[in-house]
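Enquirer: From first to last, the protein sequence lines stand for chains A and Y. Following the working numbering, the numbering of the first sequence begins with 1135 at its first residue and continues without gaps. Following the working numbering, the numbering of the second sequence begins with 1135 at its first residue and continues without gaps.
Hints are computed from structural coordinates only; laboratory data are not their basis. Hints are not guaranteed to be accurate.
Copies of the same chain look alike in the list, so a pair counts if it fits in one copy or across any two.
As the list claims (entries may be wrong) - 20 Å max Cα-Cα, derived PhoX-like pairs, lysine-lysine:
(1) K1304 <-> K1146
(2) K1273 <-> K1145
(3) K1233 <-> K1209
(4) K1222 <-> K1209
(5) K1146 <-> K1309
(6) K1145 <-> K1272
(7) K1222 <-> K1233
(8) K1273 <-> K1146
(9) K1309 <-> K1145
(10) K1233 <-> K1273
All values reported here derive from a predicted model rather than from experimental measurement.
2 protein chains.
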Amino acid sequence: MEITRLEPGVKKGLVVVITGNGKGKTTTALGMVIRACGHNMSACILQFMKGDIYAGEWDGLRKLNRRVELISTGKGFCGIQGNPYPFKEHRQNAQDAVKLALQKIEEGLWDILILDEINNALSLNLVDLEQVLDIIHKKAADMHLVLTGRDAHPQVIELADTVSEIIEVKHAYQKDIEPQPGIDY
Amino acid sequence: MEITRLEPGVKKGLVVVITGNGKGKTTTALGMVIRACGHNMSACILQFMKGDIYAGEWDGLRKLNRRVELISTGKGFCGIQGNPYPFKEHRQNAQDAVKLALQKIEEGLWDILILDEINNALSLNLVDLEQVLDIIHKKAADMHLVLTGRDAHPQVIELADTVSEIIEVKHAYQKDIEPQPGIDY
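Here chain A stands alone, though its shape is the one from the complex (with noise of 0.2 Å):
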């Protein structure tokens, strides 16, 4: 059998939205890095709100090759499970993040950028929702921005094109069941 290799008549740098209140968001921005690793493609993922928990992307990205870049801006996610961090804290942590973003559109150097957590981070008031938008506006035409998190705003959505909402049909944690590492983090 012979093996067929798609080749986009146009390249087209996309806005992917992966919105929802399921499990997978991450997850399948993560997926996308080891598929532009299999294209020779670089990509950065900026980690909105986390950086407290230590999960197993951290160390399995580093496997990959020194074309993906991974750096988590947060303190945990604001306001709940008991975070200690004030909002003040985390919304100067974000506001650096959309900083950082707005640097690496410009560097030119990726070709996927994820913004993880920017839904999340949007509708909890850590980042504004114009600079979200000015981060879409200003990406270069050949380079892929995703934007995780639950509760995409509609004016983000309205501006992707392919947005995927992941629905929580069961989850682990309603029997109790602990998060489990490879899996939940």
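Use these hints to put chain Y onto chain A, whose structure you have.
Expert: Chain Y alone, transformed into the frame defined by chain A:
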């Protein structure tokens, strides 16, 4: 800021189903492989049906480490997009993949076994419900089993711990944008 390292009191191999018509099922599973690598866990991915079109994960996963294995067993999606192979051949490929899945379970070498597109293969009658239930029942208690593909069977969902349904809110193909490397394959 101190980094928290979660460690579940009880380690449990989960059954995870990723279904729905939206983009992100296989990519979610690939993201779990990155996570697994960051926890020094092994992962084996058996792709049902896929195997005829190059996808970024084929080479991307190789860059991770030797404890990651990807086997694409198929000849494309049965009965769609002008796929030239007869049903009988697709079914034989899927039956071989079922045998391989049972063998991988028996080997006991894998922390995560991903059966990519098996839900789809079941709904297309390339594999039988009893075979999928058999795989779920035979898995070791500490091995995670991930079943992807649209139209997951209700009895499979019933047995699963975590189930996400990915809804297509919109997709670039609706604007006649071709599949893009790194994102779509």
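Enquirer: For each hint, tell me whether it holds in the structure or not.
Expert: Structure-based check of each hint:
1. Proximity of K1304 to K1146 under the C-alpha cut-off of 20 Å is restricted to the inter-copy arrangement: shortest distance 16 Å between copies versus 35 Å within a copy.
2. In this homomeric assembly, K1273 and K1145 come within 20 Å of each other (Cα to Cα) only inside a single copy, at 15 Å, whereas the closest approach across copies is 42 Å.
3. Within a single copy, K1233 and K1209 get their C-alpha atoms as close as 17 Å, which meets the 20 Å cut-off; across copies the closest is 45 Å, which misses it.
4. In this homomeric assembly, K1222 and K1209 come within 20 Å of each other (Cα to Cα) only inside a single copy, at 12 Å, whereas the closest approach across copies is 54 Å.
5. In this assembly of identical chains, K1146 and K1309 lie within 20 Å of each other by CA distance solely across copies; the values are 12 Å between and 43 Å within a copy.
6. Within a single copy, K1145 and K1272 get their C-alpha atoms as close as 18 Å, which meets the 20 Å cut-off; across copies the closest is 45 Å, which misses it.
7. With identical chains, the CA atoms of K1222 and K1233 are at most 20 Å apart within one copy only, with a shortest distance of 17 Å there and 55 Å across copies.
8. With identical chains, the CA atoms of K1273 and K1146 are at most 20 Å apart within one copy only, with a shortest distance of 12 Å there and 42 Å across copies.
9. Taking the shortest Cα distances, K1309 and K1145 sit within 20 Å of each other only across copies (14 Å), while inside one copy they are farther apart (45 Å).
10. When the C-alpha separation of K1233 and K1273 is checked against a cutoff of 20 Å, the pair qualifies only within one copy, where the shortest distance is 13 Å, while the shortest distance between copies is 46 Å.
Comparing the model with each earlier hint shows no violations; every hint is respected.
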